[in-house]
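Here's the letter readout for the chains.
2 protein chains.
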Amino acid sequence: MEYRFSSNVERLQSSAVRDILKLTQGKEIISFAGGLPAEELFPLDAVKEATERVFRTGGKNSLQYGLTEGFLPLREQLCQRMARKGMRAEPDEMIMTTGSQQAIDLITRVLMEPGDIVLVENPTYLASLQVFNLSGLRVVPVESDKDGMVISEAERLIKQHKPRLIYVVPTFGNPTGRVWSMERRKGLLELSHRHGVPILEDDPYGDIQFDEQANYSTLFSLDDRTNGGHVLYTSTFSKTVAPALRTGWAIGSRKVISMMAKAKQAADLHSSTLDQQTLDQLLRHFSLDDHIKVIRRAYGERMQQMQQLLASQGWSDVKWEQPKGGMFLWLELPEGLDAEALLRAAVKKNVAFVPGASFYAAEPQRNTARLNFTYTTGERMAAGISRFAEALNEFLARC
Amino acid sequence: MEYRFSSNVERLQSSAVRDILKLTQGKEIISFAGGLPAEELFPLDAVKEATERVFRTGGKNSLQYGLTEGFLPLREQLCQRMARKGMRAEPDEMIMTTGSQQAIDLITRVLMEPGDIVLVENPTYLASLQVFNLSGLRVVPVESDKDGMVISEAERLIKQHKPRLIYVVPTFGNPTGRVWSMERRKGLLELSHRHGVPILEDDPYGDIQFDEQANYSTLFSLDDRTNGGHVLYTSTFSKTVAPALRTGWAIGSRKVISMMAKAKQAADLHSSTLDQQTLDQLLRHFSLDDHIKVIRRAYGERMQQMQQLLASQGWSDVKWEQPKGGMFLWLELPEGLDAEALLRAAVKKNVAFVPGASFYAAEPQRNTARLNFTYTTGERMAAGISRFAEALNEFLARC
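In the order they appear, the protein sequences are chains Z and X.
Take my numbering: the last position of the first sequence gets the number 399, and nothing is skipped along the way.
Take my numbering: the last position of the second sequence gets the number 1399, and nothing is skipped along the way.
Check each hint, because a few of them may be wrong.
Derived lysine-lysine pairs resembling DSS-like cross-links, with alpha carbons at most 25 Å apart [what the hints assert, rightly or not]:
(1) Lys1048(X) - Lys60(Z)
(2) Lys1293(X) - Lys60(Z)
(3) Lys48(Z) - Lys1293(X)
(4) Lys146(Z) - Lys159(Z)
(5) Lys1293(X) - Lys293(Z)
Pairwise CB distance ranges, derived in the manner of DEER restraints [to be verified]:
(6) Pro73(Z) - Arg1056(X): 20 to 30 Å
(7) Asp1224(X) - Glu379(Z): 53 to 63 Å
(8) Glu1379(X) - Asn61(Z): 47 to 57 Å
(9) Asp1338(X) - Met182(Z): 52 to 62 Å
(10) Gly1378(X) - Arg225(Z): 47 to 57 Å
(11) Ser1287(X) - Asn61(Z): 53 to 63 Å
(12) Arg1081(X) - Glu28(Z): 30 to 40 Å
(13) Asn61(Z) - Leu1396(X): 53 to 63 Å
(14) Lys1348(X) - Pro73(Z): 24 to 34 Å
(15) Pro73(Z) - Lys1162(X): 46 to 56 Å
(16) Glu190(Z) - Arg1004(X): 17 to 27 Å
(17) Lys146(Z) - Asp1045(X): 47 to 57 Å
In case anyone wonders, no lab produced these hints; they're calculated from the structure.
Virtual Cβ for every residue (Gly too), placed ideally from N, Cα, C.
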């Protein structure tokens, strides 16, 4: 039969990243496109041991239905971890989700009506744009620079549009890798309080800082949490342990968390409890903090390697800021160059990346590209950058 | 701060079942409320062995991000299982979901707009009502009897309301345990084709039949699938393997499945791949069909035990139909009795069930109750029914 689809899903573009991932599956393509963590660093033995402990200690009960809010012992441990970073929340102010992606979706579903406005950085995480589009929101980008959202612009747009949510990735943004300055962090919080607009702080990469000594305070930790606070915070184990376990969480106002639980009951009852129990055991018997140090060091080195490979090309009009953490390099290509056309040329040379346009809510800057430096390493990274350079050079010669 | 919530989520009632589950957690309450499978029958050793195989054969790659549509080898195996039941679908006509609950949510999100109408059985699965409410649908119940929806009523309401979806649980309905007759199955399909309204066939209990010889054809298998067919079918491993693995699936028109994948990208990227890979290995090295036979026999005996316990009370005005499968007995209590008031009395005696009112989209029949017979067994079941009887008898004496 001829199915009719909801107008929101009709409008929804499939994620360029995932479409490219599909395209490149099984082929001899070197991909800098996905946001894939380094597979060789996954703590496989620790995860394996953790599942064994789950079955040994939990027995058959470990396979039963669980609470919508998530496995309580895991929430208790996570609250302690959060507290060590200055983020104080009780277990009933936390909900476990299928990746932090689901937290973004649930927060959107409980707070927003179709047609409502959300402010975002420019550019911003493309899968959050998909969530907002799926819920029929109007997305308004706020001028942003290397220190974060420009606060005066945010205020102007708050007054103009009366948004119901501000979505930000203040630490190692995706795609830009940028870190907000303390001034901007406090500035946005102040706006949020003054105008009564909640902030969704998405922090998937916060742990992946290259400078062990750096200390980037989350908006959540800076917020005055009397009356539940203005910040809803979400993060995930996908980058620090493994994505397959699909375990993220959100913390915030007790009332919002309980509304999210109601929505989650309808959405999927609860997330995998095998995964949650595994992470609970992992946190008890494995030093996740030591493991995170290993990841930080490795990713920092890979970022340096990619930077050097790019720098050695001697392009005068290809620019990037050195990221302080996260998983991506954000390139500004020569003006007038359309990175989507470049991608088509690159794929013919068996290398892939993500054209920057997908990350803009409006008026994309087309001469931008996101390159992941965590998944592809060593000689393979060098080969990939060399193919990328070949494609770009031909392109530049032709233009 | 004072958060404002979307009107749909404000209206959403928390599931009575899960609220009672929460209330009874850790207490000495015998609960017939939850839809919990028998824990002692979970194939723990097989699941444990399957996870070991996943880590051994998949290595670190088993912890990486996966496809939104789900783990392909599992989809391939599942398509073969479906085919053996006369349900023919290709892997790209199937999507893996976080329980079949998520399939209901995704289908709703891609097919329906707020204000659209969905027809349901009366009574019907309460968590599907929650999904429909969360999406702001209008739910219209169709008169139903022991053979299923009354087709002439369905047709009248289709003409009157122009629904965009018909949601049914034709085999061992929840809460009633009813099985639709072949005539009604074909009747509804015919209506669906004539009026161009898709059917969502929810089949979580289809495998749990007490008569090994019985053969209940799904609507999906009876449908003419030229042009993708009119039936979207969903089922789950929650009742046959274990709920903790949170793995369900949907099959249907390739176009609908691909739209569901787009929505799922936004909703949570993908479901747990550890769970999906575990189930894939389980299907390869464990006879799920033999295991299902064990469950069928055990649940059939438990159903008989509960029936006998109730029958032995000698009530003349407490009625039920003997279920042919599934997990629930559906009681009709004396007229005028409000089962929610009875529940409050019952909980004081440390026994719980679900009042029937929650399962009605409109005008509830309040003198109804759903009792689960799979989770509580033997002397504990006898003690529970005896407490229930005590509460009911006091109630009857007082009324």
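For each hint, the structure was consulted:
no. : hint                               : in the structure
1   : Lys1048(X) - Lys60(Z)              : holds (10 Å)
2   : Lys1293(X) - Lys60(Z)              : holds (19 Å)
3   : Lys48(Z) - Lys1293(X)              : violated (31 Å)
4   : Lys146(Z) - Lys159(Z)              : holds (24 Å)
5   : Lys1293(X) - Lys293(Z)             : violated (50 Å)
6   : Pro73(Z) - Arg1056(X): 20 to 30 Å  : holds (28 Å)
7   : Asp1224(X) - Glu379(Z): 53 to 63 Å : holds (55 Å)
8   : Glu1379(X) - Asn61(Z): 47 to 57 Å  : violated (20 Å)
9   : Asp1338(X) - Met182(Z): 52 to 62 Å : holds (59 Å)
10  : Gly1378(X) - Arg225(Z): 47 to 57 Å : holds (49 Å)
11  : Ser1287(X) - Asn61(Z): 53 to 63 Å  : violated (24 Å)
12  : Arg1081(X) - Glu28(Z): 30 to 40 Å  : holds (34 Å)
13  : Asn61(Z) - Leu1396(X): 53 to 63 Å  : violated (37 Å)
14  : Lys1348(X) - Pro73(Z): 24 to 34 Å  : holds (30 Å)
15  : Pro73(Z) - Lys1162(X): 46 to 56 Å  : holds (50 Å)
16  : Glu190(Z) - Arg1004(X): 17 to 27 Å : holds (20 Å)
17  : Lys146(Z) - Asp1045(X): 47 to 57 Å : holds (55 Å)
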